[in-house]
Structure formats: C-alpha cells, structure tokens
Amino acid sequence: MTNKSPKVALFITCLGDQFYPQVGESVVRILRRVGATVTFNPQQTCCGQPAFNTGYRDEARQVAVRNLDLFEDADYVVAPSGSCSTMFRVFYPELFAEEPELLQKVERLRARFYEFSEFLVKVMKTEDVGASFPHRVAYHDSCHLLRELGIETEPRKLIKAVKGLELVDLQDNQVCCGFGGTFSVKFPDVSVAMARDKLRAAADCGAEYLVANDAGCLMHLAGYIHRERLPIQTLHLAELLEKHE
Amino acid sequence: MSETGVHSSAIHERAKEAIGDAHLQEAYRSSTLRLYSHRLSAINQVPGFEPLRERARELKREVMDHLDYYLAQFADSVEREGGKVHWARTAEEACTIVKDIVKSAGAREVVKSKSMVGEEIELNHALEAAGIDPVETDLGEMIVQLSGERPAHIVAPAIHKTRHDVSDLFVEKLHSKRTEDPGQLTAIARKTLREIFARAGVGVSGANFAVAETGSIVTIENEGNIRLCTTAPRVHVALVGIEKIIPRLLDLGVFLRLLGRSATGQKLTSYTSILTGPRRPGEDGPDEMHIVLIDNGRTGTLADEKMREALYCIRCGACLNTCPVYRKIGGHAYGWVYSGPIGALITPQFVGLDQARELPFASSLCGACREVCPVKINIPDLLLHLRGNVQERVPETPQAGEVVSERKGMRLWAWAMKRPWVYSLGGAAVRFGIRWLPSAGGHGAQKWIARLPFYPFSNWTRGRDFPAPDSVPFRKRWKKLSS
Numbered sequence: 532m533t534n535k536s537p538k539v540a541l542f543i544t545c546l547g548d549q550f551y552p553q554v555g556e557s558v559v560r561i562l563r564r565v566g567a568t569v570t571f572n573p574q575q576t577c578c579g580q581p582a583f584n585t586g587y588r589d590e591a592r593q594v595a596v597r598n599l600d601l602f603e604d605a606d607y608v609v610a611p612s613g614s615c616s617t618m619f620r621v622f623y624p625e626l627f628a629e630e631p632e633l634l635q636k637v638e639r640l641r642a643r644f645y646e647f648s649e650f651l652v653k654v655m656k657t658e659d660v661g662a663s664f665p666h667r668v669a670y671h672d673s674c675h676l677l678r679e680l681g682i683e684t685e686p687r688k689l690i691k692a693v694k695g696l697e698l699v700d701l702q703d704n705q706v707c708c709g710f711g712g713t714f715s716v717k718f719p720d721v722s723v724a725m726a727r728d729k730l731r732a733a734a735d736c737g738a739e740y741l742v743a744n745d746a747g748c749l750m751h752l753a754g755y756i757h758r759e760r761l762p763i764q765t766l767h768l769a770e771l772l773e774k775h776e
Numbered sequence: 132m133s134e135t136g137v138h139s140s141a142i143h144e145r146a147k148e149a150i151g152d153a154h155l156q157e158a159y160r161s162s163t164l165r166l167y168s169h170r171l172s173a174i175n176q177v178p179g180f181e182p183l184r185e186r187a188r189e190l191k192r193e194v195m196d197h198l199d200y201y202l203a204q205f206a207d208s209v210e211r212e213g214g215k216v217h218w219a220r221t222a223e224e225a226c227t228i229v230k231d232i233v234k235s236a237g238a239r240e241v242v243k244s245k246s247m248v249g250e251e252i253e254l255n256h257a258l259e260a261a262g263i264d265p266v267e268t269d270l271g272e273m274i275v276q277l278s279g280e281r282p283a284h285i286v287a288p289a290i291h292k293t294r295h296d297v298s299d300l301f302v303e304k305l306h307s308k309r310t311e312d313p314g315q316l317t318a319i320a321r322k323t324l325r326e327i328f329a330r331a332g333v334g335v336s337g338a339n340f341a342v343a344e345t346g347s348i349v350t351i352e353n354e355g356n357i358r359l360c361t362t363a364p365r366v367h368v369a370l371v372g373i374e375k376i377i378p379r380l381l382d383l384g385v386f387l388r389l390l391g392r393s394a395t396g397q398k399l400t401s402y403t404s405i406l407t408g409p410r411r412p413g414e415d416g417p418d419e420m421h422i423v424l425i426d427n428g429r430t431g432t433l434a435d436e437k438m439r440e441a442l443y444c445i446r447c448g449a450c451l452n453t454c455p456v457y458r459k460i461g462g463h464a465y466g467w468v469y470s471g472p473i474g475a476l477i478t479p480q481f482v483g484l485d486q487a488r489e490l491p492f493a494s495s496l497c498g499a500c501r502e503v504c505p506v507k508i509n510i511p512d513l514l515l516h517l518r519g520n521v522q523e524r525v526p527e528t529p530q531a532g533e534v535v536s537e538r539k540g541m542r543l544w545a546w547a548m549k550r551p552w553v554y555s556l557g558g559a560a561v562r563f564g565i566r567w568l569p570s571a572g573g574h575g576a577q578k579w580i581a582r583l584p585f586y587p588f589s590n591w592t593r594g595r596d597f598p599a600p601d602s603v604p605f606r607k608r609w610k611k612l613s614s
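Line by line, the protein sequences give chains A and B.
Counting from 532, one number per residue, gives the positions in the first sequence under my numbering.
Counting from 132, one number per residue, gives the positions in the second sequence under my numbering.
Calculated from the structure, these hints are not laboratory results.
Keep in mind that the hints are not guaranteed to be accurate.
Unchecked claim - Straight-line C-alpha distance at most 27 Å; calculated BS3-like pairs for lysine-lysine: (1) Lys215/B / Lys230/B; (2) Lys578/B / Lys774/A; (3) Lys611/B / Lys538/A; (4) Lys607/B / Lys774/A; (5) Lys636/A / Lys437/B; (6) Lys717/A / Lys535/A; (7) Lys308/B / Lys322/B; (8) Lys656/A / Lys538/A; (9) Lys688/A / Lys653/A; (10) Lys774/A / Lys653/A; (11) Lys653/A / Lys717/A; (12) Lys538/A / Lys607/B; (13) Lys607/B / Lys717/A; (14) Lys549/B / Lys538/A; (15) Lys688/A / Lys538/A; (16) Lys549/B / Lys717/A; (17) Lys549/B / Lys636/A; (18) Lys610/B / Lys538/A; (19) Lys691/A / Lys656/A; (20) Lys147/B / Lys717/A; (21) Lys774/A / Lys549/B; (22) Lys774/A / Lys308/B; (23) Lys549/B / Lys539/B; (24) Lys611/B / Lys535/A; (25) Lys717/A / Lys437/B; (26) Lys549/B / Lys610/B; (27) Lys304/B / Lys322/B; (28) Lys717/A / Lys694/A; (29) Lys774/A / Lys636/A; (30) Lys694/A / Lys636/A; (31) Lys610/B / Lys535/A; (32) Lys578/B / Lys717/A; (33) Lys611/B / Lys549/B.
Please take these sequences and the hints and turn them into a complete structure.
See below:
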C-alpha cells in the first residue's frame with residue numbers, strides 16, 4: 532500500500548439502507564478515521580440474495596449483473612454484512628459460471644471485495660479504532676461470515692480492543708440464530724424457536740448487548756427481543772466501534 | 132397408533148407440533164448435543180483428520196465417476212465367492228426379490244438388523260403384506276417398530292424416546308416389569324430377541340460398505356445383532372444401495388476411521404464384520420448369501436453432475452446432530468426416512484421433487500452440516516441448487532393470504548431492484564403505508580410493527596415484531612455525509 536489513501540466503494544446492503552442507515556454512517560466514519568477515502572454509488576440496490584436463496588436464479592442474476600458494473604473503479608469494495616459479501620464472493624461465481632466474460636468481471640470484483648471487519652483488520656491493519664463501551668457484550672457469529680468467508684477472529688479482535696468492554700462467552704455462539712433469509716418466513720416457527728435458543732444463551736451469559744455483523748440476524752433477533760420484551764439489546768459491530776461511553 | 136413417519140410433505144405442521152412438545156425438545160436437545168460433543172472429542176484425537184476426509188472424498192468421487200465399472204466388479208466378486216447378486220431398479224423390485232428369497236427358503240419369520248435402505252424401500256410393510264413377520268433386532272429399531280413408528284435419526288432410530296418412554300413401551304408391548312434401568316431394558320429386549328434369532332430362517336441386513344475388489348460387505352455395529360442376523364439363519368440377504376461401493380479392502384481403513392467418530396464419537400464401533408460369500412465347509416454362517424443392489428432413484432442423482440456428490444454420504448448422521456433445524460423439529464418432521472440436512476438433500480432425489488418440494492427450503496443454510504460432514508459434502512450449496520430446480524420444475528401451491536405468487540413477487544422484486552428510482556419509491560411507499568399497521572410500540576427512533584399483512588410477510592410477525600424502516604434511508608443520509 533502506497534501513502535495514497537485507499538479508495539473504498541461502499542456496498543450498503545438493502546436492509547442496511549432501509550432499516551439501519553445509522554450502521555452505514557458508522558461504517559463511513561470509521562473507515563475515514565482509519566484513513567480510507569469512501570465513496571457510495573446510489574445506483575446500487577440489493578446483492579440479489581433473496582432471489583438466489585429462494586431458488587430464483589434468473590431473477591438473482593438480473594440484479595447481480597448490475598453490481599458488476601457499479602464497482603469497476605474502486606480499489607476496494609466494503610460491505611458491513613457477511614451474507615452480502617458471501618453473495619458477491621462465493622455465489623456470484625456460481626451464478627455466472629457459464630458466462631466467461633461476466634465471470635471475469637466477477638473474479639476482478641471479488642478479489643477486491645471485503646467484509647467490513649475483515650477490511651479493517653486485514654487491509655487497514657487496525658484493531659483499535661478508539662471506541663470505549665463499558666458493558667458486557669456477547670458476539671454472535673453470523674453463519675455466512677463464519678463458514679463461507681471464514682471470518683472468525685477479525686470481529687473479535689476489534690471487539691476486544693474496545694475500552695472497558697467485557698466480551699462474555701456466549702454458549703453455542705456458532706449456532707445459527709434462525710434468520711436464514713427467506714427461511715425466516717418460510718419456516719417461521721422453526722426460525723423463532725432458534726432465536727429463542729440464541730437469546731436464552733445470551734441471557735445465561737449475562738450479556739447486556741448482543742453484537743453481530745449482519746443486519747439480517749440482528750433484525751430477526753431484535754424482533755424477538757421486542758416481542759418478548761427481553762432485557763438485552765442488539766448492536767451491529769460498526770455501531771459498537773463508534774461507541775464512546 | 133400414531134402415524135409418525137413416511138410419506139408426508141406436512142413438514143410445517145409436524146415442525147410446529149415438535150417445537151411445542153417440551154418432552155420431545157428435551158430428548159432431541161440432549162441426545163444431539165451428546166453425540167455432537169462426543170464427535171468433537173473423538174476427531175480431536177486424530178492428527179490428520181482433515182487429510183482423511185479429503186481422501187474419503189476422493190475415493191467416493193472415484194467410485195461415483197465410474198460406478199458402472201465398480202458395480203460390475205463387485206457383482207463378479209460376489210459370485211466368485213459363491214454369493215448371489217440381485218439388481219433392483221425400484222423399491223418394489225427390491226421388496227419382491229426379498230419376498231421371493233424368503234418364500235423359497237420356506238421361512239415365515241425374518242430377523243432384521245438396522246438398515247436405512249430397508250426403511251427406504253419399506254421392506255417391513257411388503258413382508259407383512261405377504262404374510263411374513265419381520266422382526267427388528269437393533270434395540271433402537273425394535274423400539275420404533277414396537278411403537279409403530281419410523282426411525283427419527285439415521286444412526287439412532289429411537290433418539291426421540293427417553294428411558295421412560297421405552298419403559299412404558301416394553302410394559303405395554305412385551306408385558307415386562309417396569310424398569311428404567313438401561314441395562315435391564317436391554318436385557319428384556321435381548322431375551323425377547325434371542326428366541327427369535329434361534330428360529331428365524333432368514334436374516335436381512337444392510338451394509339455400511341461394499342468392497343468391489345473382494346465382493347465383501349462390511350457392517351459396523353455396537354450390539355452384535357447384525358452378527359446374529361447374518362450368521363444364525365440359514366439364509367442371509369444384504370440390502371445394498373448402489374452408492375455403498377468402495378474400491379478396495381485397503382480403502383476401508385479410511386472410512387472406518389471417519390464413520391464411527393463422526394456418528395457416535397467412537398474410535399471404532401464394538402463390532403466390524405467383513406462378510407465375503409456364504410459359509411464354507413467348517414465355518415459358521417449362512418448356506419446362502421444374497422446381495423440386493425438397489426437403485427431406487429440413485430442413478431438419477433448420479434446423472435446430475437452437481438447432485439452426484441449427495442451419493443458420497445456414508446450415513447453417519449453427524450449433519451443431523453449439528454443441524455439447528457433438526458435439533459428443533461426432529462427426524463419425523465422431515466416426512467420421509469432420511470431426515471436432517473442430508474435427508475433434505477436426498478429425499479427429493481428418491482421420492483421426486485414434486486413430492487418433497489418443501490424439503491430443500493427446510494434449512495437456514497448455516498453450513499454447520501458441511502463443517503462436520505466426513506466426506507465434505509457441500510450440503511448447503513446442493514440445497515441451493517435443488518431450490519433452483521424446484522422453482523424451475525415444480526409449480527408452487529398458492530398459500531392462504533398470498534396476494535402475489537412467490538414467482539411473480541420475485542419478478543417484481545428483480546424489476547424494482549434493477550431501477551434504483553423504483554427501489555427508492557418502493558421504500559417511500561412502505562414508509563407511508565406502515566402508519567396503518569398495528570404498532571408494537573418502541574423506544575427511541577425505532578418503531579415496531581406487531582402485525583404485517585400478506586403472506587409471506589405475515590409469517591414474520593407470528594413470533595417476532597418487525598422494525599419499521601428508518602424515516603431517512605442511508606442513500607439520503609449520504610449527501611450530508613459526503614458534503
């Protein structure tokens with residue numbers, strides 16, 4: 532890396548855009564703080580996952596193909612989501628497997644595509660972004676982040692560097708929370724039962740906050756927390772890293 | 132008698148029932164966790180477990196890519212050793228073959244050791260219809276047979292039963308004295324079974340592996356009932372799915388080291404038997420050995436290059452034990468004999484996509500199954516592939532409260548997502564529309580919706596509140612951020 536500040540194009544996921552815009556703002560401020568130049572192209576919408584996940588390959592492909600053009604000129608593309616990053620890095624190659632020209636574009640894009648925590652730790656070589664948060668926090672490994680991208684240590688390094696924070700041991704932290712995209716509405720009872728288990732584990736370890744890296748997991752868990760009035764709150768990692776208490 | 136088992140696509144109803152059954156939840160939770168943690172400690176003792184998985188996968192790939200060759204070699208080897216090979220294209224053909232063998236042996240009673248392919252072809256049903264009495268001799272299988280159920284797990288058929296359940300069952304069906312001591316319960320089962328072993332004319336087994344080079348079948352077990360089934364009766368019939376072939380006896384070591392550890396966390400099970408042909412002079416064992424090679428949908432899977440990998444499965448059940456969905460809904464909810472992630476994958480292959488169109492969706496795609504699979508089957512990826520096949524080939528059935536079909540909804544979605552202005556307009560319309568939806572209150576900036584209209588969104592709010600979209604989306608905030 533030269534002295535030039537790396538140019539980062541944001542992929543703000545559709546859930547992030549519509550439901551959690553403050554997460555995107557935190558991402559922008561943190562990336563700037565560590566020395567990146569941030570851009571956002573408002574032509575972007577969704578990565579295509581809802582359709583791909585549900586078996587509508589053609590619809591997913593139509594949406595995905597736009598994204599290949601949107602991020603041509605950035606040094607890096609960064610998304611605050613494990614599952615959308617997985618869509619770009621793991622599923623796009625499958626989606627375009629039989630179209631060599633597009634596949635080349637996919638390869639160029641995925642080589643520059645990073646999930647937010649991974650980008651901070653691996654590319655920017657930063658763990659401490661100057662946050663302080665004197666609370667008991669549990670970290671939930673989002674499945675795509677963990678098993679498709681293998682990102683396990685990076686978020687933990689960032690969390691441990693937050694001053695005053697106590698990272699508690701969440702039992703079964705690698706068990707799915709039950710969101711699973713359209714699974715959450717196709718199998719609502721199972722999905723909710725899985726959330727119940729996850730939040731019971733979080734209560735057992737005395738966490739005040741449950742942190743994850745995916746808006747999907749958080750929306751699902753927070754929805755259950757709110758319905759049941761549970762004494763715990765959810766936070767996206769990027770929000771946590773901006774805390775100053 | 133409850134009908135808990137095969138032939139049902141009613142996965143949602145069964146799942147809901149299972150989740151509401153505290154007794155069942157506890158049985159599944161404790162058993163799967165125990166098996167899962169045993170597996171973990173067993174694999175941690177093997178240096179080079181990863182290369183071993185890789186090797187097993189290579190071997191399976193080799194067999195599946197040349198299955199015709201290895202099957203022919205296996206059949207030749209069996210006949211060279213004095214066994215008889217039968218080929219069954221369908222479940223019905225397989226059952227007819229077994230019935231004919233039993234009849235020509237003049238037997239009215241058959242002892243069976245646990246066999247998933249036996250469950251798959253519903254052999255017991257067919258035998259009973261022909262006036263033959265099949266007796267399951269694996270303890271777990273015996274329990275589910277007495278209950279009139281189907282196995283709830285590939286490896287542990289009675290995983291859903293507690294000691295207390297088994298005690299009740301034995302009192303009712305075997306008129307035994309009430310006890311909850313596992314040792315005494317086993318003794319009751321053993322006493323009942325020994326008498327039957329002594330008089331049965333035919334023993335039916337499955338096979339964990341079939342060795343092409345030697346014509347042997349390999350069975351692994353802890354109870355010893357397979358040994359009795361395959362040696363005590365005069366005639367032995369082995370049911371073998373055609374994917375069970377391994378090339379050489381030498382390769383067995385790879386699979387044995389993986390299977391026990393993945394299934395129950397054992398280094399090896401108590402018994403491993405390698406059976407090659409019928410009894411020779413001076414030996415114990417059956418006079419006749421029949422091997423029924425069963426296709427029943429497998430060549431269809433083989434023909435699909437992507438799905439072929441599903442046939443690598445060695446039926447260890449590790450994916451069931453780790454799967455958060457299986458842990459919640461249990462084996463019977465899946466509706467057919469193979470449950471869990473691997474069942475969701477192979478059942479539609481065997482019974483047809485139209486019969487089991489829900490199964491590929493019964494997964495959150497978390498990938499825990501792939502992590503534990505000893506032959507590294509990419510289960511979530513294959514489920515995604517199957518989902519694509521479902522949407523292309525099997526028309527969906529409209530759901531109650533559905534205004535737009537899923538297919539049309541997805542088309543509309545794709546149309547909007549390709550047009551950022553439509554996407555933004557849609558977001559604004561939703562923001563405007565939600566003011567008429569029942570609020571679930573909220574604190575600070577976040578407002579919550581208690582009930583969403585229209586399927587499938589209405590499903591979200593069955594057990595969770597739904598967040599109202601933020602009044603200012605990120606794309607609007609960006610202007611301020613970038614100025």
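How the hints compare with the structure:
1. Lys215/B / Lys230/B: It holds: about 15 Å lies between the C-alpha atoms, which stays within 27 Å.
2. Lys578/B / Lys774/A: holds (22 Å)
3. Lys611/B / Lys538/A: holds (19 Å)
4. Lys607/B / Lys774/A: Holds, because 23 Å separates the two Cα atoms, which is no more than 27 Å.
5. Lys636/A / Lys437/B: holds (24 Å)
6. Lys717/A / Lys535/A: violated (48 Å)
7. Lys308/B / Lys322/B: Roughly 13 Å separates the two Cα atoms, so the pair holds.
8. Lys656/A / Lys538/A: holds (16 Å)
9. Lys688/A / Lys653/A: holds (11 Å)
10. Lys774/A / Lys653/A: With a Cα-Cα distance of about 22 Å, the restraint between Lys774/A and Lys653/A holds, given a limit of 27 Å.
11. Lys653/A / Lys717/A: With Cα atoms ~37 Å apart, Lys653/A and Lys717/A exceed 27 Å; violated.
12. Lys538/A / Lys607/B: holds (21 Å)
13. Lys607/B / Lys717/A: violated (32 Å)
14. Lys549/B / Lys538/A: holds (25 Å)
15. Lys688/A / Lys538/A: holds (24 Å)
16. Lys549/B / Lys717/A: holds (25 Å)
17. Lys549/B / Lys636/A: holds (18 Å)
18. Lys610/B / Lys538/A: Measuring from Cα to Cα gives roughly 18 Å; hence the hint holds.
19. Lys691/A / Lys656/A: holds (15 Å)
20. Lys147/B / Lys717/A: This hinted pair holds, its Cα atoms lying about 13 Å apart.
21. Lys774/A / Lys549/B: Given that 27 Å is the threshold and the Cα spacing comes to 36 Å, the pair is violated.
22. Lys774/A / Lys308/B: violated (65 Å)
23. Lys549/B / Lys539/B: It holds: about 16 Å lies between the C-alpha atoms, which stays within 27 Å.
24. Lys611/B / Lys535/A: holds (25 Å)
25. Lys717/A / Lys437/B: holds (25 Å)
26. Lys549/B / Lys610/B: holds (22 Å)
27. Lys304/B / Lys322/B: holds (14 Å)
28. Lys717/A / Lys694/A: This hinted pair is violated, its Cα atoms lying about 41 Å apart.
29. Lys774/A / Lys636/A: Violated, because 38 Å separates the two Cα atoms, which is more than 27 Å.
30. Lys694/A / Lys636/A: violated (41 Å)
31. Lys610/B / Lys535/A: Holds: Lys610/B and Lys535/A sit about 24 Å apart, inside 27 Å.
32. Lys578/B / Lys717/A: Holds, because 24 Å separates the two Cα atoms, which is no more than 27 Å.
33. Lys611/B / Lys549/B: holds (25 Å)
The structure fails to meet hints 6, 11, 13, 21, 22, 28, 29, 30 from the earlier list, while all remaining hints are met.
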